[in-house]
Structure formats: C-alpha cells, structure tokens
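All chains should be modelled from the sequences, with the hints used to inform the complete structure.
Protein chains in written order, with the numbering used here: chain A, 1 to 214; chain B, 1 to 308; chain C, 1 to 260.
Treat the hints with caution; some may be incorrect.
[Said to hold, decoys possible] A few chain A residues that face chain B, going by a derived Cβ cut-off under 8 Å, partial list only: (1) Gly162; (2) Phe171; (3) Ala175.
[To be verified] Away from chain A, derived, C-beta distances all over 10 Å, residues of chain C: (4) His20; (5) Leu30; (6) Asp97; (7) Gly99; (8) Pro102; (9) Asn118; (10) Asp166; (11) Glu186; (12) Gln188; (13) Arg196; (14) Glu223; (15) Val248.
It is worth saying that the hints were derived from the structure and are not from the lab.
Idealized CB from N, CA, C, for every residue including glycine.
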Amino acid sequence: MNFLQFMMANRQQVLDLTLEHITLAGIATVLAALVGIPLGILITRVPQLSKPVLGGANIIQTIPSLALFGFLLPAPWIGERAGRLAVLALALYALLPLIRNTYAGIRGVDPAVVEAGRAMGLTDRQLLFQVELPLASGVIVAGVRIATVLSIGVATIAAAIGAGGLGEFIFRGLAMVNNQVILAGAIPAALLALVADFVLGRLERRLGSVHLKS
Amino acid sequence: MTIDSIRARRQPIRCKLLLLGLVFLLFFPSTGCERHGDRIVVGSKNFTEQLILGEIFAQIIEARTPLPVERRFYLAGTFLCQQAILAGRIDVYPEYTGTALTAVLKQQPSGDRREVYQRVERGYESKFGLRVGPPLGFDDRFAMVIRGDDARRLHLQTLSQAAQFTPQWRAGFGYEFMERPDGYKGLVASYGLRFAEAPRIMDLGLITRALKDRQVDIIAGNNTDGLIPALDFFVLEDDHHYFPPYEALAIMRGGMLKSHPEVGAALGELAGAISDDEMRRMNYAVDGEHRDPPAVVKEFLRRRGLIH
Amino acid sequence: MTAPLSHGSATEGPAIEFDHASFRLNGRPLLEDLTLLVKQGETLVLLGRSGSGKTTTLKLINRLLLPTAGEVRVNGRATAQWDPIRLRRSIGYVIQDGGLFPHFTVERNIALVPRIENWPRARVEERVRELLAKVGLNADLASRYPSQLSGGQRQRVGVARALAADPPILILDEAFGALDPITRSEMQKEFRALQRRMQKAVIFVTHDLREALFLADRIALMEQGRLVVDLPVGEFSRSEDRLVRAYVEAFSGLPDISRV
Numbered sequence: 001m002n003f004l005q006f007m008m009a010n011r012q013q014v015l016d017l018t019l020e021h022i023t024l025a026g027i028a029t030v031l032a033a034l035v036g037i038p039l040g041i042l043i044t045r046v047p048q049l050s051k052p053v054l055g056g057a058n059i060i061q062t063i064p065s066l067a068l069f070g071f072l073l074p075a076p077w078i079g080e081r082a083g084r085l086a087v088l089a090l091a092l093y094a095l096l097p098l099i100r101n102t103y104a105g106i107r108g109v110d111p112a113v114v115e116a117g118r119a120m121g122l123t124d125r126q127l128l129f130q131v132e133l134p135l136a137s138g139v140i141v142a143g144v145r146i147a148t149v150l151s152i153g154v155a156t157i158a159a160a161i162g163a164g165g166l167g168e169f170i171f172r173g174l175a176m177v178n179n180q181v182i183l184a185g186a187i188p189a190a191l192l193a194l195v196a197d198f199v200l201g202r203l204e205r206r207l208g209s210v211h212l213k214s
Numbered sequence: 001m002t003i004d005s006i007r008a009r010r011q012p013i014r015c016k017l018l019l020l021g022l023v024f025l026l027f028f029p030s031t032g033c034e035r036h037g038d039r040i041v042v043g044s045k046n047f048t049e050q051l052i053l054g055e056i057f058a059q060i061i062e063a064r065t066p067l068p069v070e071r072r073f074y075l076a077g078t079f080l081c082q083q084a085i086l087a088g089r090i091d092v093y094p095e096y097t098g099t100a101l102t103a104v105l106k107q108q109p110s111g112d113r114r115e116v117y118q119r120v121e122r123g124y125e126s127k128f129g130l131r132v133g134p135p136l137g138f139d140d141r142f143a144m145v146i147r148g149d150d151a152r153r154l155h156l157q158t159l160s161q162a163a164q165f166t167p168q169w170r171a172g173f174g175y176e177f178m179e180r181p182d183g184y185k186g187l188v189a190s191y192g193l194r195f196a197e198a199p200r201i202m203d204l205g206l207i208t209r210a211l212k213d214r215q216v217d218i219i220a221g222n223n224t225d226g227l228i229p230a231l232d233f234f235v236l237e238d239d240h241h242y243f244p245p246y247e248a249l250a251i252m253r254g255g256m257l258k259s260h261p262e263v264g265a266a267l268g269e270l271a272g273a274i275s276d277d278e279m280r281r282m283n284y285a286v287d288g289e290h291r292d293p294p295a296v297v298k299e300f301l302r303r304r305g306l307i308h
Numbered sequence: 001m002t003a004p005l006s007h008g009s010a011t012e013g014p015a016i017e018f019d020h021a022s023f024r025l026n027g028r029p030l031l032e033d034l035t036l037l038v039k040q041g042e043t044l045v046l047l048g049r050s051g052s053g054k055t056t057t058l059k060l061i062n063r064l065l066l067p068t069a070g071e072v073r074v075n076g077r078a079t080a081q082w083d084p085i086r087l088r089r090s091i092g093y094v095i096q097d098g099g100l101f102p103h104f105t106v107e108r109n110i111a112l113v114p115r116i117e118n119w120p121r122a123r124v125e126e127r128v129r130e131l132l133a134k135v136g137l138n139a140d141l142a143s144r145y146p147s148q149l150s151g152g153q154r155q156r157v158g159v160a161r162a163l164a165a166d167p168p169i170l171i172l173d174e175a176f177g178a179l180d181p182i183t184r185s186e187m188q189k190e191f192r193a194l195q196r197r198m199q200k201a202v203i204f205v206t207h208d209l210r211e212a213l214f215l216a217d218r219i220a221l222m223e224q225g226r227l228v229v230d231l232p233v234g235e236f237s238r239s240e241d242r243l244v245r246a247y248v249e250a251f252s253g254l255p256d257i258s259r260v
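As structure tokens, then:
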C-alpha cells in the first residue's frame, strides 16, 4: 500500500504524533520568544551586552541538535522527562533567530523617527512600545517564523530521546527499513513547517506593509 | 471617526494573535496526561523479541476486552520506553527484570530471581506509580555466544573455560551492553577476560551476522535469540552466575489499570505462558523464516489456547 | 500632571539662554562658548553652513544633548536640572520631512503629546481638528498615513504636531528644507502668519539667508561651532562682518533678495 493508505490506516497514531509534535515545537517557540524577545530589546538598550548575548546564542546554535539533547540528559529535573528536555533544547535552539531579529528590527527603525519621538518627550518605555516595537514588528515576526520552522524541524530529532512526535515514525521506519513509515513522519512534519511558514509569513508581510514609506 | 478607524485597523492583527494563542492553549495539556481516552497504547523496543511480546500483549487485550489497541513499537531503547510510559504516551510495554533493576531503578544487580522481581515491583510502584505484571515465563539474560564449531573444537562448555582462549578472539558487543553496569565491565571483572583488541561496538541487528561471518569470535547475545540454534551458535554457561536474571514481564501505567482493570486481568493470563524454548522458536520464526510477527503471535496464542 | 510652561508672562527672564555653553564630542568641539538668548515672543534664526553647530545648538535646548561646559537655561532653569521628559513636552520640535511616525495616522501623529499628557479624549479630538485647520490641511486627511501625503502636507502635519500641546517654545531644524520652492514659500508665509498670532519663543535653523530675513526677529550667524554675529534682522544685511558679507554676496546673485 502506498503511504497515504498507510496514514489512513494508522490515522489515530498519525494524529497523536502530530499533536505531540506541535506541542513540543509550540511550547518551545513560545518559551524562546518569552526569553528571546526581551533579551533582544535589552541589548538594544545596553549595547555592551549585544556581543556576548548574540555570541552566546550563536554558540548554542552551532551545537549539533542531537548533541544538545545528549548534553542535557544528565541534568537534574530536566533530564528526567524527555518532554521537558526536548522543549528546553528546542527553546535554546530557537533563541538566536528571536534575539537577533528583535535586535536588528529595533535597530533598523529609522533613527530620525526615534529621535523625533524622544524629542517630543516620549519616555523610554513609550518609545519602545509605541514606536520601536510596532515598527520592528515585521522583522520580529520574521524571527518568530524562522524559530517556529526551525523548532518543527529539530523536533523530529526529539523522538531519539523519547520525547515522541513525528520523528518517532521516522526512526521506526528507519529501523524497519520501511519507507511508508518514514514518509508518514516526514511528510506531516514538512507540512507543519510549511503551514507555519505560510501563516507567519502572511502576518509578517501585513505588519511590515503598514509602515512602508513612499 | 478617525480614532475608530485606527482601532478597526488593529483589530485583525489582534484577532489573529488571539487565534494563535487559543490554538496553543488547546495543545498545552497534551504533554503527560491521559489523552487516549478509551484506547490502550502498547509500546515496545525495537528488536524482534520485543515486537513479538508487544504484539502478544496487544492481541490478548484485543481478545479479552472491547478496547481498541494502538501499537507504538520500535521505540529505540529502555530510556525511550520509560519516558513514553511516564508521559502517558504508552500504557504498557514489555520489560526485563534485570534491565528494570539496573538501568531504570539504578540499583545493584543480583543473581536471585525472586529478590530481583520483588525489588523491581516495589521500586516501580513507589518511584513511578507503575505496576509490574507477573513474569511471562522465560529469561532473556545475556548469553556469551560463540560459533558451534569453535565450541566443539575447543571442548568449551562454560565461560571460565573460554576465558583462556579469549585473548585470541575479537569480541562484538552492542551499545547497551557496553554501558550497563551489569554488562561488559562486570563480566570482564568476574571472569578476568581479556580480548585480542578492544571490543567492536555494533548495532544489535548486525551482531549475529558478524559472528557468522567470522568478523568477531564472541558476542554478547541473548539467551532467547532465535538464530542460536539456526546458525549453529553455542551459548557458554555462565558458571560464575554473573549475569542477573532478565525475566520478561509487562510494565503498566497505574492510571490505566485503575480505569481498565480488565487490561490487567488479560495480561495476567500470560503469567508463565512462554518458556525459553517457545521464545526462541518465535524469534526464529520472525528472524530466520522472515514471517510476520502478528501471524507468528496469533499462531502461538492459539496453540496455548489463549485465543481461538 | 504639572502645568506646561506659561507663555512668558510669569517669568520675566528670557525663555532660552545659552551661557558660555560648549559641546565636545570625543574631544572634537562642535560648539564653543555660545552666549545667546531668546525672549518669549521672539523668533531667532540660526543661520550657517553645514557643520556650523546649528543642530547641536538646538539639541542642547531640548536636552537631547547636555553642554560639556557652561550652561543652557530654559525658563531660568538649567536643562541639566530639568526633568528631560517635562522639558521636551514643553518644547515643540519640527524637523525636515516632519519625522512623522509612519505607522500612525495623521491624526494620531498630531495627537501624540496631548495623548501622553492624558488630555481627555474629546479635547484631543477637538485640538486635532483645530490644528489641521490652522496649518491649512483638509480634515479628511486625518485618517491618512504619512506615506500617502505629499512633502508639503507632511511638513504641515509636522508643524501641527509640534504645536499640539501648545508649547511655549518651538524649535525648527531646516523645517522647510526638503520642499519645492513654491511650497516652501507658501509655508514660510503661513508660518510667519502663525507666529504673529501665537507668542512663542521660536528658534529656527536654516542655511538659507532669504528664509532667515523673512522669518526672523533676530539672526545669529554661526560658523564652525562659534557665534559670529547676533543682530536684529534689520541690521543684519548692513553688517560689515566678513562672513555676513560672504553670505549676502552668495545670495545676492539671485532675484528678490531686496528684503532688507
């Protein structure tokens, strides 16, 4: 039978694994955004920190994902549950695009506009929330998009340490040397990534277009 | 007029964000709690014997209860199965007492079958809330396996006898065997073994072929490996009783048993139902004769009168 | 919320005063020993080439910069002692091309300072309508975005925004510099009419002598960070100063210079 028939025959499991996958990638991205976006804002305020913060996130990203999962295994509390471990590793992985895009987005705001805002007496907080963040929002959402697609992809590896998700089909298919099973994992994962990319891409374009100067 | 049109513009963006938030919230609870409702998910590791045992569990549950059973096999190892059952992603899987004791509960191995079983039962209950079924009837302990013709030629029966010859042999072991406290290290210590060179570490699936093809001379196989009789391999006797028992049994989620005690009853019927020999035969049917595990299992269950 | 600066009646001193103020950046002097004052109701034009220190001078008024020597006083108090937020909200700031927020409508741009000063909604709306009329813009432009406006319209919005909270001080930096000559001339005329009605202290920066002669009560000529002359507009063209003569000559080749 072809892989579509396989997926129909096992649709409950496909659904289960897909839900697990979305949960892993989703929570990780949200966590990374909750930490990464404020960090990105911080380093625009404290320039001396920009190098170490960006450098640190960069280093984390260069660690091969499977190795990162492995490093965290012996950690107390985190290493005890594959789900926690996977979410943490995925979140760490997603940090760089979020921090970097937030930083670049805010720095990319027309300095004349920021200066005009400051000159009119906006407090730093008002400048951030009413001027810089809205104008940087397109670039920031681009960072969220990249982080999300990245997380969905790396989450396939999470199955190797027992966190479930669509990667489980892939590893199982490899062990069974069975392509249907591999595809049953690979194709939904790819579709998830494409959908996320599309939806967030629309949002990104919408946010970016409001501010186009003539 | 104009302030409202500003608000109207921002509405769609806020709506989309809310929608995304809701979508996430929907999926939030799905880590770790009982999502399956009325399904039983049977897991297993990724080698033949486990696939057979998992299939046995699944088929007997299907035969005895009206519950639908989902199979989630090929999980690549003890750690993954443990994680899956703790997170509620599977409800039951086959495990071995020796593995449970040393790799999961991280306690010292022991040679006493009863004692090991009791420690596993107590440990799993108190530490994880997991329940342990009765032993299925066979022991899949580690077996040091050599080629039949070497055994006959050198008149070898026990590991102690083989110890004089191992410095001329190459050894092949799997990852788990190398890492586990009841594996390689202890073995070498107990018998004072030395090999011609450092052992080759290989995938379990390739290890039997390596022995047959004379790429290695001694492997850490399993007592119930189907290929042992088929390929004319010989199991050296563990005369120092180094290897702890590895009685097979079912690990079950406490929560699942509470809601579905009939599952526990069904699995309980398997107590003592599978002998060493029976297991070897089923393993061989799949590995050697390349038959499908579900068919092999159905045949076995019928033969034992457990299903019709 | 503290009351905004009054329009000069309570304090008798100058609205803006530079007292030997200097500004250095990384050792380079951008402004040296400037002493200057602007009274309430007076329009001072800062004239000079690029690099003469005009923009630096403006930024010292609203505390975007602090003097490295000497003092800058607004309404009698040193800028260093002012709360920067309160100071800046009491000063209207207009720059070239408006510096409008591209993601705000015209209305939201103009309403910026009143909103952050927590004016009641009705008052804000009314004020925006009033200002649009004052700067000669059609009321239905209020819901447009800056990118949908012409350069001249943007500039008018910039002025409206600066006037929104009715600040007693107005500083303009080459405000009409990016406009075409016809629009520029219109804006100058309208601005002069506005200035006659309001009695603000205005500092207007330009490098265009004709604009200076048209709008100023007094002209301060700057060169390389120093004040060269500070004269009432009527006396400026008659000055014997070498640099003034250079300026006048540079502009005298062009028609309509005889506004002395």
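Going down the list of hints, with the structure as the test:
1. Gly162: For glycine 162/A, the interface hint holds, since the closest Cβ of chain B sits about 3 Å away, which is under 8 Å.
2. Phe171: holds, 6 Å
3. Ala175: Status holds, d = 5 Å.
4. His20: Label holds. Min Cβ-Cβ 24 Å, cutoff 10 Å.
5. Leu30: For leucine 30/C, whose nearest Cβ neighbour in chain A is about 16 Å away, the distance exceeds 10 Å, so it holds.
6. Asp97: It is violated; aspartate 97/C is separated from chain A by about 8 Å at its closest Cβ, not greater than 10 Å.
7. Gly99: violated, 3 Å
8. Pro102: violated, 5 Å
9. Asn118: Non-interface label stands for asparagine 118/C: nearest chain A Cβ at 12 Å, farther than 10 Å.
10. Asp166: holds, 14 Å
11. Glu186: Per Cβ check, glutamate 186/C is outside 10 Å of chain A; nearest 21 Å; holds.
12. Gln188: Non-interface label stands for glutamine 188/C: nearest chain A Cβ at 22 Å, farther than 10 Å.
13. Arg196: holds, 25 Å
14. Glu223: holds, 25 Å
15. Val248: Valine 248/C clear of chain A: closest Cβ-Cβ about 32 Å, beyond 10 Å.
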